[in-house]
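Chain residues, written in single-letter form:
There are 2 protein chains.
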Amino acid sequence: MAKEFMDLAFEQAEIAFEKGEIPVGAVLVSPDGKVVVAAHNETEQDDDATAHAEILCLRRGGQILGSPRLADHDMYVTLEPCAMCAAAISFARIRRLYFAAYDEKMGGVDHGARFFAQPTCHHAPEIYGGIQEQRGKGLMQRFFEGRR
Amino acid sequence: MAKEFMDLAFEQAEIAFEKGEIPVGAVLVSPDGKVVVAAHNETEQDDDATAHAEILCLRRGGQILGSPRLADHDMYVTLEPCAMCAAAISFARIRRLYFAAYDEKMGGVDHGARFFAQPTCHHAPEIYGGIQEQRGKGLMQRFFEGRR
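Protein sequence lines, in the order shown, are assigned to chains A and B. For what it's worth, my numbering labels the leading residue of the first sequence as 1, then goes sequentially. For what it's worth, my numbering labels the leading residue of the second sequence as 1, then goes sequentially.
Be a bit skeptical, because a hint or two may be false.
[Claimed, not checked] Selected chain B positions facing chain A (in silico; Cβ < 7 angstroms): (1) Gln45; (2) Asp48; (3) Ser67; (4) Ala71; (5) Ala117.
These are calculated hints, taken from the structure and not from any lab test. The beta-carbon is built from N, C-alpha and C at its ideal position, and this holds for glycine as well.
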């Protein structure tokens, strides 16, 4: 786990915040520790319910690397991935998943679907949750308070 | 439920089969019963682990309709959606989900994550599974037998 990658994910989340998108950022890191792609949630901008930060990293990363399978790559996210993103991370065979805030309402890793613990999950990354938890939580709270 | 839409989903699945993609097809239908978009699995072609037929329908449908939310739209799929696609269908607020074969190994509706039954699921469609079950199952078996 390198702090610089989580910081980059938070930079992406802040960009989403400024655009009025739910502020989540993600970074895909290569096996030798280089950033492949960084993305933020773009669901409103793209008119695409699937355009979560993690999905965009996997989609764009796959295109950059020329394969849907990104074995030995790691992902950093500012929020616990939802079930959609957790399953996508599994399909792409991500090696390690680092995330900041837990998400009781929408999360699919430690909450709800708990995708990686299901018998229908055929690859699970190593998972490190709760990194910079307060920073991730604070960003989400600030966003939703501003919208009330 | 209109048989013509499921037939169209199977046409898409056959196209995927011919390309060597896992043969799954999906169709997005508007509230007044018109096809918005039909798609098939393109994960290998697009180098995108998230390019399942359902995800492509939601993504392209959202762009056509100018919104990530596709309320009152229905989806027809030749196979039980996985957890990734089930969550995406929920986020897009699809009204009715019709699918053919059940998928014990990868499904996320009646198997594994059972996404729509989770407390983290905030919208569930009406679900009609097992339509043309044998046709859906047969297509998958034929595909995987051919690859052995």
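Structure-based check of each hint:
A distance limit of 7 angstroms between C-beta atoms decides the matter here; for Gln45/B the minimum to chain A is near 9 angstroms, and the interface restraint is violated. Annotation: Asp48/B was flagged as interfacial toward chain A, and the flag holds, the nearest CB pair being 5 angstroms apart, inside 7 angstroms. Hint status for Ser67/B: holds, given a least beta-carbon distance of 6 angstroms to chain A, under 7 angstroms. Against a cut-off of 7 angstroms between C-beta atoms, the interface hint on Ala71/B is violated, since the closest Cβ of chain A lies about 11 angstroms away.
Restraint check, Ala117/B versus chain A: the minimum CB separation of about 9 angstroms is more than 7 angstroms; hint violated.
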